[in-house]
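There are 2 protein chains.
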Amino acid sequence: MEPRINIITLGAKDLDRAIRYYRDGLGWPLSSISAGDFAIFKINTGTALAIYPRHLLTKDACVEDLGGYGGVTLAQNVLTREEVDRALSQAVSAGGRLLKAAGETEWGGYSGYFADPDGHPWEVAYNPFFELLQGRLALPD
Amino acid sequence: MEPRINIITLGAKDLDRAIRYYRDGLGWPLSSISAGDFAIFKINTGTALAIYPRHLLTKDACVEDLGGYGGVTLAQNVLTREEVDRALSQAVSAGGRLLKAAGETEWGGYSGYFADPDGHPWEVAYNPFFELLQGRLALPD
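For the protein sequence lines, the chains are A and B, in the order given. So in the numbering used here, the last spot in the first sequence is 153, and the numbers never skip. So in the numbering used here, the last spot in the second sequence is 153, and the numbers never skip.
Everything labelled a hint here was simulated from the structure, so no lab data went into it. Quantities reported herein were computed from a predicted structural model and do not represent experimental measurements. Among the hints, a few may not be true.
Since copy identity is lost for identical chains, a pair holds within one copy or between any two.
[What the hints assert, rightly or not] When the alpha-carbon atoms are kept at most 30 Å apart in a straight line, the in silico DSSO-like pairs for lysine-lysine are as follows:
no.	residue 1	residue 2
1	K112	K54
2	K25	K112
3	K25	K71
All chains, please: the whole structure from these sequences, using the hints.
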């Protein structure tokens, strides 16, 4: 099985609200291949972001849903502390919720967390030890 | 805020077990920048996969954890039905759990789901409507 992740799908309670958040609030490009209940965004880092009603995603995956968070976070790395502040500010203005104000981290960086309207947590981080090449993490072997 | 997702972090109850699963079971490349409780894999599609103890991830994100699934799935798209079968078979042999046996889908493809040892659901899908270029989804604007 190749090391590939093509799509991250986030379950949404209100699909239209979630689409508005990512498309209009964050300004992310919705692909025209989106159809019906399935919305998919083109993401510069390669792995696409999809939005699908949470109850249908749960049913499709044959899992049980206790509600809430499930031990998964998404992160965007940026090049400066100021970009962390700006991104968190935009994410909150667009209707997200600040989970953790940006601040210095114990690992020597600077980061904060927000939740999208469905509670999915995102970290925005400046990590001086991670190289970013055209917005992509360049990890050593 | 640019449309970028640099890292997907999966919370693990048993970090070593999760690392063994992805590194040895699925054969995915662990980056040497992994340190302490933080393991990160190089993923061909660009967005990296990290593993971190779930209770620490929860604390870091300042969220509440009810346990279980949280409305997020990851998907790998492949080029044929046979690749779906092979990937699911490997994922289960390596210690994952079959959530949904592979089969024809209502959207005209073929897919199945497995859970990793921590219960995180993955879909493996053949979708004839999605173009894959060198393993990456080529979505229309």
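Here is what the structure says about each hint:
In the homo-oligomer, the alpha carbons of K112 and K54 lie at most 30 Å apart both inside one protomer (27 Å) and across protomers (27 Å), since each shortest distance falls under that limit. Proximity of K25 and K112 under a CA criterion of 30 Å is satisfied in both settings, with 23 Å inside one chain copy and 23 Å between copies. In the homo-oligomer, the alpha carbons of K25 and K71 lie at most 30 Å apart both inside one protomer (14 Å) and across protomers (24 Å), since each shortest distance falls under that limit.
Violated hints for the displayed structure: none, as all numbered hints are satisfied.
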